[in-house]
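J.: Sequence:
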Amino acid sequence: MAKVRIYSKAGCPFCVRAKRILDKYGIEYEEVEVR
Numbered sequence: 198m199a200k201v202r203i204y205s206k207a208g209c210p211f212c213v214r215a216k217r218i219l220d221k222y223g224i225e226y227e228e229v230e231v232r
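According to our numbering, numbering within the sequence shown proceeds without interruption in unit steps and concludes at 232.
Please note that the accuracy of each hint is not assured.
Straight line, CA to CA, 30 Å or less: simulated DSBU-like cross-link-like pairs of lysine-lysine [stated by the list, open to error]:
1) K200 x K216
2) K200 x K221
3) K221 x K206
4) K206 x K216
None of these hints come from the bench; they were simulated from the model.
Please put together the full structure from these sequences, using the hints given.
T.: What follows is the structure in structure tokens.
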């Protein structure tokens, strides 16, 4: 399976939603915090 990487920024509602969906389906991902 392909590795998932999420580039997120604090306070980004789209990032929060994407991570919730991945968590819901048990998909592992790496989060990279951007400024």
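J.: Hints the structure violates: just list their numbers, smallest first.
T.: Violated: none.
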